[in-house]
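> Chains as they are written, first to last, in this note's numbering: chain A, 38 to 144; chain B, 38 to 144; chain C, 38 to 144.
If you're looking for bench data, these hints aren't it; they were derived computationally from the structure. The structure presented is a predicted model; accordingly, all values stated were derived computationally and were not measured. Any given hint could turn out to be false.
Claimed, not checked - Over the 10 Å line for every Cβ pair with chain C, so calculated as not near, a few chain A residues:
(1) E67
(2) D80
(3) P87
(4) A94
(5) A100
(6) P110
(7) G119
(8) S123
(9) L125
(10) F127
Unchecked claim - Quick list of in silico lysine to any residue cross-link-like pairs, SDA-like style, CA-CA up to 25 Å:
(11) K68/C - L81/A
(12) K134/C - G119/B
(13) K63/B - S73/B
Stated by the list, open to error - Per the computed footprint, the stretches of chain C lying under chain A, defined by three or more beta-carbons under 8 Å from a beta-carbon of chain A, are:
(14) 38 to 52
(15) 55 to 63
(16) 99 to 108
Glycine included, each C-beta is placed from N, C-alpha and C at the ideal position.
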Amino acid sequence: MLVFSRHTTTALAINEDEERLLEDVKVHLEKLVPSSGTYLHNDLHLRDVPPDEPINAHSHLMAMMLSTSEVIPIADGKLALGTWQSILFFELDGSRKRTVFLQICGD
Amino acid sequence: MLVFSRHTTTALAINEDEERLLEDVKVHLEKLVPSSGTYLHNDLHLRDVPPDEPINAHSHLMAMMLSTSEVIPIADGKLALGTWQSILFFELDGSRKRTVFLQICGD
Amino acid sequence: MLVFSRHTTTALAINEDEERLLEDVKVHLEKLVPSSGTYLHNDLHLRDVPPDEPINAHSHLMAMMLSTSEVIPIADGKLALGTWQSILFFELDGSRKRTVFLQICGD
Numbered sequence: 038m039l040v041f042s043r044h045t046t047t048a049l050a051i052n053e054d055e056e057r058l059l060e061d062v063k064v065h066l067e068k069l070v071p072s073s074g075t076y077l078h079n080d081l082h083l084r085d086v087p088p089d090e091p092i093n094a095h096s097h098l099m100a101m102m103l104s105t106s107e108v109i110p111i112a113d114g115k116l117a118l119g120t121w122q123s124i125l126f127f128e129l130d131g132s133r134k135r136t137v138f139l140q141i142c143g144d
Numbered sequence: 038m039l040v041f042s043r044h045t046t047t048a049l050a051i052n053e054d055e056e057r058l059l060e061d062v063k064v065h066l067e068k069l070v071p072s073s074g075t076y077l078h079n080d081l082h083l084r085d086v087p088p089d090e091p092i093n094a095h096s097h098l099m100a101m102m103l104s105t106s107e108v109i110p111i112a113d114g115k116l117a118l119g120t121w122q123s124i125l126f127f128e129l130d131g132s133r134k135r136t137v138f139l140q141i142c143g144d
Numbered sequence: 038m039l040v041f042s043r044h045t046t047t048a049l050a051i052n053e054d055e056e057r058l059l060e061d062v063k064v065h066l067e068k069l070v071p072s073s074g075t076y077l078h079n080d081l082h083l084r085d086v087p088p089d090e091p092i093n094a095h096s097h098l099m100a101m102m103l104s105t106s107e108v109i110p111i112a113d114g115k116l117a118l119g120t121w122q123s124i125l126f127f128e129l130d131g132s133r134k135r136t137v138f139l140q141i142c143g144d
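Using the sequences plus the hints, can you model the full thing?
What follows is the structure, encoded as structure tokens:
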């Protein structure tokens with residue numbers, strides 16, 4: 038099964054769905070890509086953008102550190118995830134309505 | 038061909054299988070996600086876990102920096118990897134018996 | 038559609054094709070994996086390599102931070118990318134002739 042995030046500031050990962058680990062992911066990403074950092078993409082006055090364009094270069098960069106597409110095998114009609122694996126979806130630029138595409142390939 | 042790691046503390050990458058580069062990967066991941074760092078997931082007394090639960094938040098975070106699923110094209114009945122490409126499997130929380138799922142899709 | 042980079046010093050990402058953001062990606066990767074860093078893979082005198090072997094451990098490590106394979110759904114005969122999504126291809130060890138493999142799976 039293909040899982041595909043249709044956004045540039047969200048990301049997927051397949052890992053353990055443990056609430057404290059998910060907090061660690063946030064801290065880790067913020068360390069790698071500080072939201073308070075200086076990014077060219079955030080110079081909105083130098084870009085042709087709508088008035089509500091967000092300051093979110095860090096969200097894009099964080100997304101690229103994780104995944105946009107994951108393919109998960111199906112065996113015996115079920116997702117063949119490992120015991121501790123879940124499909125995680127991260128919103129890296131705040132919460133709003135998002136679309137994730139699922140597609141099953143094969144017989 | 039789909040290659041899928043069924044664990045949350047292992048990861049895949051497709052890159053060069055050169056022993057010194059593999060050492061560089063270890064050093065690099067340790068720099069990005071220090072195993073001696075402070076992680077909420079490691080506060081075992083605040084979680085409902087079995088007595089042998091490992092201290093391995095860094096292993097999970099490292100795994101998310103690499104890949105869980107990779108899809109490799111097949112052409113003329115062979116994996117169409119580039120000259121220097123190999124499928125690399127990283128154990129990020131010590132060595133033990135692991136399962137990697139392979140599935141071939143198509144005609 | 039499978040998109041697969043056949044090189045160990047190039048990488049894919051699916052994100053926004055905005056020129057200032059692409060500059061941010063370069064700066065970000067250079068921060069995570071400094072090209073001036075010390076890497077075992079760069080000790081060419083300790084490896085059996087051709088005379089023109091490049092000094093490019095950082096390029097390999099950067100590639101592993103991004104993606105080698107991405108799978109993009111097709112719906113109604115078109116790539117079902119999100120509004121801001123593009124398929125980005127990064128050359129992390131200079132520019133030269135490169136091959137990206139595309140394969141469409143399904144009916």
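> For which of the previously enumerated hints does the structure constitute a violation, in increasing order of number?
The structure conflicts with hints 2, 4 and 5, although it agrees with all the remaining ones.
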